[in-house]
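Engineer: From first to last, the protein sequence lines stand for chains A and W. Numbered according to the working numbering, the first sequence spans residues 205 to 318. Numbered according to the working numbering, the second sequence spans residues 573 to 682.
A couple of the hints might just be wrong.
FRET-style restraints, in silico, Cβ to Cβ [as the list claims (entries may be wrong)]:
#	chain 1	residue 1	chain 2	residue 2	range
1	A	D261	W	G588	44 to 50 Å
2	A	T224	W	N594	38 to 44 Å
3	A	R226	W	G588	41 to 47 Å
4	A	I209	W	S631	21 to 27 Å
5	A	I259	W	D599	39 to 45 Å
6	W	A650	A	S211	23 to 29 Å
7	W	T630	A	P288	24 to 30 Å
8	W	Q623	A	E266	31 to 37 Å
Just so you know, these hints were derived from the structure itself, not from any lab. Using N, Cα and C, we set each Cβ at its ideal position, and we do this for glycine too.
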Amino acid sequence: DAGVIQSPRHEVTEMGQEVTLRCKPISGHDYLFWYRQTMMRGLELLIYFNNNVPIDDSGMPEDRFSAKMPNASFSTLKIQPSEPRDSAVYFCASSSRPEGQPQHFGDGTRLSIL
Amino acid sequence: KQEVTQIPAALSVPEGENLVLNCSFTDSAIYNLQWFRQDPGKGLTSLLLIQSSQREQTSGRLNASLDKSSGRSTLYIAASQPGDSATYLCAVSPSNDMRFGAGTRLTVKP
């Protein structure tokens, strides 16, 4: 299996621009997670989906952030408008059964907002 | 709110030494606990997962223990190697999501 695939690997853009991060989970995994990692706050869960339905989005910092999962093989995390404080590494992870199976992480998207 | 703490924040040891990384959590109502490894510029790799009903898990030179009642877990690495140098994160699942510690940055010197 190819693992969790994220794109782009790096994104540099100016504040105010729309940013879209993409994720392809491992085939057959019913759960998909979006995390953000910063030096100050560590790794934080933003939102997770089960069978393409958002279950818990309490970690989404503001209305500027939105996430969708239109089908079992694709998810997006969108920031509009972006701000410098959104600069971080964003990870996507998937799992078949989180209580008993490990989460598999992608290599992340390093986002820099100038 | 579940809080996860890892001690020490950084550790440097000579090659061949056995070592222990510590993780503590405030709420014992968890589904499982996972230990991850993160290399610079990379995502997280799951090392061991201990379900709430289990006490320990082993994989090669790694052994992780879980004491839910005291809110503690340890990761034991035997005969450390330079290739073990990475950041090790502990994460607990209060439900289907996860709460992470800040990690321990391990350096194993040749």
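Engineer: Which numbered hints does this structure break?
Structural biologist: 5, 6 and 7
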